[in-house]
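*Asks:* Assemble the whole structure, with the sequences as input and the hints as a guide.
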Amino acid sequence: MKSRSMIVTLLILALAVPATMLAQSSKAEKEKEVRAVLNEIQKAVLKGGVEAAATLDKYNADDFTLIQGNGAVQTKAQNLEGYRSGKTGFQKMDLSDVKVRVYGNTAVVTGIERYIGEQAGVKSTDKPARFTRVLVKRDGTWKQVLKQSTNITQQ
Amino acid sequence: MKPRLVIVTLLILTLAVPATMLAQQSKAEQEVRAAIEESRQAQLKGGAEGAAILEKSFADDYTRIFTDGRMFNKKQTLDNFRAGKIKYESFEISDLRIRIYGNTAVSTAFAKTTGTTYGVATSPTGVRQTQVLVKRNGKWQAVLAQTTKLSPATTQASAAQLRNQLVGTYRLVKFTRTWMATGETEDTYGKVPQGYLMYSPNGRMMVLLAKDKRPKPSDLEKMTDQERADLFRTMIAYAGTYDFDGRDITHHIDVSWNENWVGTNQIRHATFEGQRIVLSTDPHPDSSNGKLSVAILTFEKID
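Chains as they are written, first to last, in my numbering: chain A, 921 to 1075; chain B, 4 to 306.
I should point out that these hints are in silico values taken from the structure, not numbers from a laboratory. All of these numbers come straight from a predicted model, not from anything done at the bench. C-beta: ideal position from N, C-alpha, C; glycine also. Possibly wrong hints are sitting among the right ones.
Only pairs whose alpha carbons sit at most 25 Å apart, straight line, appear in this in silico SDA-like list of lysine to any residue [unchecked claim]:
id	chain 1	residue 1	chain 2	residue 2
1	A	K1019	B	L81
2	B	K115	A	E960
3	B	K142	B	N106
Derived contacts from chain B toward chain A, CB cut-off under 8 Å, selection only [unchecked claim]:
id	residue
4	D64
5	D71
6	G72
7	M74
8	N106
9	T111
10	R131
11	V137
12	Q149
13	T151
14	K152
15	L153
16	T157
*Replies:* Written as structure tokens, this is what we have:
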């Protein structure tokens, strides 16, 4: 290998390695941000009422879609109205087995949830459900665009 | 550059930019729609053949959350197809909504399947299906799929909710026909067609459409058969029940001006434009010349 091409190769390597590391660390950073948003949402949901609605207003995108465990679909407005009117409220919200996958500015979160409470006339009685939450980062803020639950009836 | 030219150029630019963005958006949406369709067909095919296609449709970190809450990875899912544990006889998707966020797409749909999955018949009420797709190396691949069964109460409520969008009385404002071969459009029932369409909250419908400037027989008692035929040719009327899935309205006809349509299902694609609803047909051969055409009817809600 000629010395000039060696230098070029070394230079490319020197530039490429930190770029890969940077991408990885930013992925880890994004996962941390997403988990922090989930914590905020969890705290707010347990507070309930207008406080829950205010936090969810911040962390749910305008095109947020909620697919409940019974297959019913709610928009962002319907979801917030549920909290404000008291028709939706929870005494327990536990998340476990939470996995976050980051694809650029999108995060796909899966896990198991247990709720005690009521959402739009449907009672939750601590039974486990598998959930997905999709969050998109726009203008520096992660917002949920979708949440879906599927009741676990088979292990 | 002359000022007028500058203004025109600026105007074109302001108009062109969102149009380009829109075009890109719809291109990504088309690609995702095609990827979802390919995956649907492969899943319907099933077995080793279907699995070979799905191998490429699913990303390596693919996760499938099944209707009973179990979670499967890519290998498990493909093995299940190969072993015939997931076997569909039919697989229909409706109400497909695609949202694009850069290189990620979130799609939601209503899926109705028949067949068996893990030895159990698939849900007769259908499922809400979400798919998340990511574009890598120029190809959209699914990273997640989740299905949630609709409870009987949800099925009833969502059918009623969709119907509520339609319920009311509409007046016909335009009725055109576009010929597929030439792209030419003509007014089917003249410039000022007459007609009303009604959808009831309980699922019944009724429509009466008439051409403008219809011949008026001078005497009801002495009407000729030619006059009767001319009147028959310039109207459409039928009644029955209807279903609406958010996109298509199906009219199940039980009484019709032409006996030929009794017992048939007439499907109309619906789009909403403010107080107006536009119903269109699939391309179908015209009864007079056999050429393919699409009928487009525009109605305005009057109550």
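*Asks:* If a hint holds in the structure, say so; if it does not, say that too.
*Replies:* Verification of the supplied hints:
{"no.": "1", "hint": "A:K1019 - B:L81", "in the structure": "22 Å, holds"}
{"no.": "2", "hint": "B:K115 - A:E960", "in the structure": "36 Å, violated"}
{"no.": "3", "hint": "B:K142 - B:N106", "in the structure": "10 Å, holds"}
{"no.": "4", "hint": "D64", "in the structure": "7 Å, holds"}
{"no.": "5", "hint": "D71", "in the structure": "4 Å, holds"}
{"no.": "6", "hint": "G72", "in the structure": "3 Å, holds"}
{"no.": "7", "hint": "M74", "in the structure": "6 Å, holds"}
{"no.": "8", "hint": "N106", "in the structure": "6 Å, holds"}
{"no.": "9", "hint": "T111", "in the structure": "6 Å, holds"}
{"no.": "10", "hint": "R131", "in the structure": "5 Å, holds"}
{"no.": "11", "hint": "V137", "in the structure": "5 Å, holds"}
{"no.": "12", "hint": "Q149", "in the structure": "5 Å, holds"}
{"no.": "13", "hint": "T151", "in the structure": "5 Å, holds"}
{"no.": "14", "hint": "K152", "in the structure": "6 Å, holds"}
{"no.": "15", "hint": "L153", "in the structure": "3 Å, holds"}
{"no.": "16", "hint": "T157", "in the structure": "4 Å, holds"}
The structure fails to meet hint 2 from the earlier list, while all remaining hints are met.
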